[in-house]
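Protein chains in written order, with the numbering used here: chain A, 1 to 144; chain B, 145 to 288.
Note that these hints are calculated values from the structure, not bench results. Careful, some of the hints might be misleading.
Sample of chain A residues at the chain B side, in silico, Cβ under 10 Å [what the hints assert, rightly or not]: (1) Gly-80; (2) Thr-106; (3) Asp-110; (4) Asp-125; (5) Asn-135.
To give a feel for the contact side, a few chain A residues facing chain B, derived at Cβ under 7 Å [to be verified]: (6) Tyr-47; (7) His-61; (8) Leu-67; (9) Leu-74; (10) Asp-81; (11) Leu-82; (12) Leu-115; (13) Leu-116; (14) Leu-133; (15) Pro-136.
In this text, a Cβ means the ideal position worked out from N, Cα and C, and glycines have one as well.
Here is how the chains run, residue by residue.
There are 2 protein chains.
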Amino acid sequence: MENLKFSATASSASPAKTIVEARGFKIIIDEPSTLGGTAQGASPVEYMLAALAGCLNIVGHLIAKELDFTLRGLEIELEGDLNPNKLFGASSENRAGYSEIRVKITPDADADKELLDKWLNIVKDRCPVSDNLSNPTAVSIMLS
Amino acid sequence: MENLKFSATASSASPAKTIVEARGFKIIIDEPSTLGGTAQGASPVEYMLAALAGCLNIVGHLIAKELDFTLRGLEIELEGDLNPNKLFGASSENRAGYSEIRVKITPDADADKELLDKWLNIVKDRCPVSDNLSNPTAVSIMLS
């Protein structure tokens with residue numbers, strides 16, 4: 001298969017609120033009022049968790065089909081720890097982003113523990129969002 | 145400042161559609177019909193680009209304030225290249241996620257090129273989403 005290209009455009013509606021358009025879908029990103037936002041949407045780091053959840057669902061179903069078991073659904077809980085000191089310029093000791101992301105998946109499936117363990121390992125390996133978070137990705141950011 | 149904890153919960157509405165809840169916000173993730181979805185929302189990898197845009201907007205305004213120049217707004221264009229061979233199990237040569245993400249920022253600001261270059265370098269360094277994409281992040285995914 002050829003490389004796919006994904007794209008999005010975004011405008012700042014305010015210093016904390018961003019309106020993103022991707023393939024005709026409008027995504028509103030904002031911060032809570034405590035961080036200077038207007039609380040009209042989830043925050044960027046929450047969208048990152050959402051992206052991971054969506055990816056695990058899709059890839060989870062794909063791999064269940066490959067391994068030939070019935071997967072009726074998934075419940076996913078995600079959390080991430082983030083020290084805001086670097087973001088706010090208070091210290092450069094911490095990294096800017098999440099230091100750790102933890103995900104708990106509850107599959108509703110006709111599969112035993114051994115098969116689900118095998119499934120989970122393949123899902124982790126083939127989920128694009130999990131790959132981009134776990135491994136370094138070239139991100140070039142330039143002024144136009 | 146103390147560590148912050150961010151969280152989200154997600155349910156599969158279908159093999160391609162995920163409903164995520166984060167701090168009361170509902171995020172719908174889906175795939176186009178060509179990939180087995182119902183096209184009710186952007187895809188996971190598009191949400192990743194959106195998260196990056198939202199983060200650059202917030203941190204961009206924060207750093208403009210620190211550097212004491214007026215930033216009236218930002219336009220951001222993002223694109224990413226992704227080879228789907230690993231995701232779909234056709235080959236394990238490629239990585240699963242984006243091989244590269246490119247971002248072009250157009251700031252509407254009272255600042256010369258030199259100041260904007262300085263601004264951009266600080267923004268890249270202190271943006272949590274940019275950090276989590278550019279550098280490895282511990283992602284633990286477990287069965288509950």
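Checked hints:
{"no.": "1", "hint": "Gly-80", "result": "holds, 5 Å"}
{"no.": "2", "hint": "Thr-106", "result": "holds, 5 Å"}
{"no.": "3", "hint": "Asp-110", "result": "violated, 15 Å"}
{"no.": "4", "hint": "Asp-125", "result": "holds, 7 Å"}
{"no.": "5", "hint": "Asn-135", "result": "holds, 6 Å"}
{"no.": "6", "hint": "Tyr-47", "result": "holds, 4 Å"}
{"no.": "7", "hint": "His-61", "result": "holds, 4 Å"}
{"no.": "8", "hint": "Leu-67", "result": "violated, 11 Å"}
{"no.": "9", "hint": "Leu-74", "result": "holds, 4 Å"}
{"no.": "10", "hint": "Asp-81", "result": "holds, 5 Å"}
{"no.": "11", "hint": "Leu-82", "result": "holds, 5 Å"}
{"no.": "12", "hint": "Leu-115", "result": "violated, 11 Å"}
{"no.": "13", "hint": "Leu-116", "result": "holds, 6 Å"}
{"no.": "14", "hint": "Leu-133", "result": "holds, 5 Å"}
{"no.": "15", "hint": "Pro-136", "result": "holds, 6 Å"}
In this structure, the earlier hints numbered 3, 8, 12 are contradicted, and the remaining ones agree with it.
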